[in-house]
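Counting in our numbering, the sequence shown runs from 1 upward without gaps.
Errors might be hidden in some of the hints.
[Said to hold, decoys possible] For each label pair, taking beta carbons as the anchor points, the in silico distance ranges come out as:
(1) Pro127 to Glu37: 23 to 29 Å
(2) Val148 to Glu173: 17 to 23 Å
(3) Arg66 to Val128: 35 to 41 Å
(4) Arg66 to Ala4: 22 to 28 Å
(5) Arg113 to Pro8: 47 to 53 Å
(6) Glu173 to Phe16: 27 to 33 Å
(7) Leu154 to Glu76: 27 to 33 Å
(8) Glu173 to Gly12: 42 to 48 Å
(9) Ser143 to Arg23: 28 to 34 Å
Calculated from the structure, these hints are not laboratory results.
Think of the CB as a built atom: it goes at the ideal place given N, C-alpha and C, for glycine as much as any other residue.
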Amino acid sequence: QGAARDFPYRDGEGRFTVDIAARDARVEFAPDWPALEQVTGRVRFDGPSMRIEVDAARLFGIRSRRLTASIPDLEEGRLSVSAEADAPIPDLIRLVNESPLEEELGRLFEGARGGGDAPFDLDLEVPVRAPEQTTVSGRLAFSGDSLVQPRFDLDLRDLDGALRFTRRGVEMEGLGATVRGQRLTVD
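Please put together the full structure from these sequences, using the hints given.
Here you go:
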């Protein structure tokens, strides 16, 4: 509704809305990040904006519980992605090693292996015109998991607590593990 010359109706002089249902789709949401597979959800274009609400998606073996993505202005905005998932530790290690997270976290996880499932939150802000300036933050919670890092001769058992990460580094929240029969806690 509105004159075509006024599209995409930033000033309210018309209305443009498209709702799309997606099923078993593939989404490449940011350069250098692995694509989401088996995506089921809805995409809504409303004037210059876009919003995606995903009911289900998979990235390696990581299955999302909640995932939203939005761009307030497709021409000049930022893509905001927010995801929550329950993730097998081996797939999280793969995500770190096969994404831009490798730059910051790769030294810790290269060659590592692990077991268990961990709740995982990830937030990305991707500038539409400068995707190389993507910011990332996330949180990984452990509860009885294991992580082996041969490079550092580490064998962590009964791992609990959390790691928060950004492109600037990693913070530990009550991280504890059994190492060589001794219980260690790091904050």
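Hints and how they fare:
| no. | hint | result |
| --- | --- | --- |
| 1 | Pro127 to Glu37: 23 to 29 Å | 25 Å, holds |
| 2 | Val148 to Glu173: 17 to 23 Å | 21 Å, holds |
| 3 | Arg66 to Val128: 35 to 41 Å | 23 Å, violated |
| 4 | Arg66 to Ala4: 22 to 28 Å | 37 Å, violated |
| 5 | Arg113 to Pro8: 47 to 53 Å | 48 Å, holds |
| 6 | Glu173 to Phe16: 27 to 33 Å | 44 Å, violated |
| 7 | Leu154 to Glu76: 27 to 33 Å | 46 Å, violated |
| 8 | Glu173 to Gly12: 42 to 48 Å | 45 Å, holds |
| 9 | Ser143 to Arg23: 28 to 34 Å | 33 Å, holds |
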